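Enquirer: Please arrange chain U on chain E, whose structure you already have, making use of the hints.
Protein sequence lines, in the order shown, are assigned to chains E and U.
Heads up: the first sequence begins at 6 in our numbering, then just goes up one per residue.
Heads up: the second sequence begins at 75 in our numbering, then just goes up one per residue.
Read the hints as simulated data drawn from the structure, not as lab findings.
Small disclaimer: the values here were computed from a predicted structure and weren't measured.
C-beta atoms are modelled at their ideal positions from N, C-alpha and C, and glycine is treated no differently.
One or more hints might be untrue.
Said to hold, decoys possible - Coverage of chain U stretches by chain E, computed from C-beta distances (three or more under 8 Å per stretch; other residues unrestricted):
| hint | segment |
| --- | --- |
| 1 | 168-175 |
| 2 | 280-289 |
Claimed, not checked - In silico negatives: residues of chain E with every beta carbon more than 12 Å from chain U:
| hint | residue |
| --- | --- |
| 3 | L55 |
| 4 | E70 |
| 5 | A98 |
| 6 | P145 |
| 7 | W150 |
| 8 | A188 |
| 9 | Q198 |
| 10 | L205 |
| 11 | W283 |
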Amino acid sequence: MNPLDTTFEAAPAPSPEELPDSTDQAAPRLTPARLRVLSLLAFVGLWWLLAHSGKIPPLFLPGPEAVLAKLGVLATVGFMDATLWQHLGASLARILLGLALAVLIGIPLGVLMGRVDVARALLDPLVEAWRPVPPLAYLPLIVIWFGIGELSKVILITLQILAAVLIATAHGVRHVSPERLRAAESLGASRRQLLWHVVLPEALPDIVTGIRIGLGTGWSTLVAAELVAATRGLGFMVQSAAQFLATDVVVLGILVIALVAFALELGLRALQQHLAPWALHKN
Amino acid sequence: MATLATEHVSVSYPGQRLAALADVSLTIGADDLAVAIGPSGCGKTTLLNLLAGFIRPNRGRVLFDGQPVTAPGADRAVVFQHGALLPWLNVRDNVAFGLRLQGVERVARRARADEVLELVDLPQAAGRAIWQLSGGQKQRVGIARALASQSRVLLMDEPFGALDAFTREQMQELLLKVWAQSRRSVFLITHDIDEALFLATRLYLMSPGPGRIVEEVQPGFSQRYRAGESARAIKSDPRFIALREHLLDTLFRLRRQEEAA
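Chain E extracted, bound-state conformation:
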């Protein structure tokens, strides 16, 4: 087998900052990767110092080790009738369901907007008018219509992710190279084949970018919605912990929310590189 055959699938070469530093082992240099770790450690150190300075009562700022200890309790015993995992699971289930619905509706509609001028002219003003409205502004209306149950939260998330997916898909589809379309046509492609073999693959990096942006904003919207009305979920956990002045649970909840957002972003970046490695090489 040609050894070059594998290069297309292979992960992109690590950036210089990730390469092991072999030049000088005695005095470690401050590479960007090390600076990042240092920055996080400094933050935790400062937190620890403040918490143990005796000036701030633990009710306002529990120390890092107290929060970590609380993690054990939350993971096993739980808080408000559910363990941390059940709260996390409830939030993740909502956002994944919202994502699935948004992708199912957003990609076909985005393709339609990108390919059909009439569809674009009809839908564009609606999408552009609705997109900048903060979701929490129309949450009350959704609650009036659909109640305070799961449905309204899923609808809110779906709408939020849908906006990003729709706009990104339409943009990607509209900017497909006319030369590639003509090349495929001159090789005998039907309209359907153009869509499957040229338009969708070329728009894929844009679509994934739309999903990334949608998940990011969707996650913050979800947590905010859970603060308002829910019986389970990370936002609910933080909100009710605050009412009982369980500051350690509040801090832990915020950390978990941040970690999930970070993991979603990393996961989607990895997915983007896996699905569309060519998009990293502009030509």
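Expert: Here is chain U on its own, set in the frame of chain E:
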């Protein structure tokens, strides 16, 4: 015998005073390597788009084997200046793309792709990604893609225009080899007079305002190359140089007349 022809075709674009093409008739025979050359605005790209079926004439007809051309089709494959390859497929799958559209099964189309990659001197790159290729290699893949399908005519839109001078010479010789071995007719547009003279069995000199054919020549240098003469020897032949100067002279004379008018 495949012949591609235009009969008195004219094309005007909305909002433009002069026609992009006015009353152009030409015939590309089965063994022809026809080249259209001219300065920008002479309508050569419009002519290629007509032959491909991407656009339709306002007047006149485009005929392929006597049948009117109304849409793009797999019998007329286009090779673009920047390749227009599909970067999500590797080299082999790009070459096999036309066959995939026709529903040819995987094993057969890959075998055919490897065969054609051999012909364009690129067999070692079959598994490579498009972004790993040089400009000349991309053009080879574009040519191979057009050859792998059942196309009978290759329409080449300034295929070597973006390449450096050295690669361009190599690609011209490669094209002559491929043209001879694959038995397709070729229609190529370029703005490089040496390239046009070296490649063409039929050369159409075009001029703008309105776009039209002003002279048709049958240089015959590509036949000499096929008979074994070297490319450099041909391009430095006094007859080659004389013909080049004659064509340039014609273009400059037309431009002066146009400016005087």
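Enquirer: The structure should be examined with respect to each hint, and the outcome stated for every one.
Expert: Taking the hints in turn, this is what the structure says about them:
Interface restraint, the segment 168-175 of chain U with chain E: holds (4 residues with C-beta to C-beta distance below 8 Å; minimum three). Under a criterion of three residues with beta carbons nearer than 8 Å to beta carbons of chain E, the stated coverage of the segment 280-289 of chain U fails, only 0 such residues being counted. Distance check on L55 of chain E: its Cβ is at least 50 Å (rounded) from any Cβ of chain U, clearing the 12 Å threshold; non-interface status holds. The claim that E70 of chain E lies off the interface holds: its Cβ sits roughly 49 Å from the closest Cβ of chain U, which is beyond the 12 Å cut-off.
Every CB of chain U lies more than 12 Å from the CB of A98 of chain E, the least distance being 32 Å, so the non-interface label holds. With a closest Cβ-Cβ approach of about 44 Å to chain U, P145 of chain E is found to remain outside the 12 Å limit, as its non-interface label requires. No beta-carbon of chain U is positioned within 12 Å of the beta-carbon of W150 of chain E; the least distance is around 42 Å. Its beta-carbon lying about 4 Å from the closest one in chain U, A188 of chain E breaks the requirement of being farther than 12 Å from that chain.
Annotated as non-interface, Q198 of chain E brings its C-beta within 12 Å of a C-beta of chain U; the closest such distance is 5 Å. The Cβ of L205 of chain E sits about 10 Å from the closest Cβ of chain U, inside the 12 Å cut-off, so the non-interface label is violated. With 12 Å as the threshold on Cβ separation, the claim that W283 of chain E sits away from chain U is violated: the shortest Cβ distance comes to roughly 4 Å.
Comparing the model with each earlier hint shows violations of hints 2, 8, 9, 10 and 11; every other hint is respected.
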